[in-house]
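J.: Input sequences plus hints: build the corresponding full structure.
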Amino acid sequence: MCINCMLCYAACPVVGKEPGFIGPAAIALAHRYNLDTRDQGQAERLQALRDGEIYDCSYANECSEVCPKSVDPAAAVQQSKLFATLDWVQGLVLPRPGGQGEG
Amino acid sequence: MEHGPAKKLVTALEPLIWGPFVTGNFLTPLVFPAVVLVLGIAYPLGWLPADALSYERAYALATNPLAVVGLLAILPLALLAGSHHLRFGIIDLGSAEHDGAVAMLVYGLWQLGAIATAIAILRIFFD
Amino acid sequence: MAIPAHRDAMKPRDRARTRAAAPMMPENWWTKNPRYRAYVAYAWAGAFFWLQALVFIRGLWALGTGEVAWNAFLQALQNPLFVGFHVLSLLVLLWYGARTYFKLFVKTQPPKIGPMPRPPLGVFPPALAAVWLGASAVLVLVLGGIWP
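Protein chains in written order, with the working numbering: chain R, 1 to 103; chain F, 1 to 127; chain W, 1 to 148.
Result set (DSS-like, lysine-lysine): computed pairs, CA atoms no more than 25 angstroms apart in a straight line:
1. W/K32 x W/K103
2. W/K107 x R/K69
3. W/K103 x R/K69
4. W/K32 x R/K69
5. W/K112 x R/K69
Since the hints were derived computationally from the structure, they do not count as laboratory data. Every value quoted in this text rests on a predicted model; they were computed, and no experiment measured them.
T.: Here you go:
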């Protein structure tokens, strides 16, 4: 499990390039909550992930390579992109009460 | 930290780009290698039967409804995957400050490519 | 030589006293290990998608123009430079496909989508390889005039 060592942030080329990218550990933790069956906050969390520019990740996989605890944040980011896209489409087709931010 | 208007627009539309990008990402290497092998290698080296790529046969293949749907789907998706990849290829070797401008360029080129694809396919049906 | 990757990259979010200047990414960051090189190569494979797709569109355009144009296109395909490009393009596409199907696609599968659980991860590489070979075989046979 993640020990907040931040090696993934040091390894990720996108963290170095894109100031708005929230980074592997943050996305892995968000994904842990999205997968939690008790959680009710997927929609807000996925919006936060979209605002956090998770699509800037282009799969260098260096985060998972360097992780000392085998958290595999790269998998979490790819899966989060999938969930965030499905949620975005769902938000377009079935508007939520309270509205959804742009994109 | 401030993003310019182009970057903000692209960030807002990223899910719209990513879905088709992943589809193209998946389908392009599935389909392209076989076609490259036939058209680009087997045909020039004379490995194909004599009239495999004759005009009549090529016309019949290209006007088959399955082929039309397939071409209209896969070629623009391949171009989009290429554009999206090139955007990050350029950013990674340069500076991410230009992401907005680079995105406008690559997706603009994609639009031209997609229109050219549609026109190329439609032309086959008209004399 | 280092260049700022982005003006605000790695910038501290507030004025802490712990750092005098934002860290910079070296210009040659992508040469530092083979996985970074593979990552940059994967992105630039997009150029081959474009070039190859343009060749196909050019072929379709010739087909739409008429028999003479189509035969001219076929003639051009026989140029050794074109054959060389296609060999390179095939290798790039195969490398790209292997990386996409056997690494990236597997990682993108969530443990479940809605109520539908994920098959064991070991199922994906052989299943994708079978789909890849099957689709390629059908295309080669049909386009190559071997079947039907």
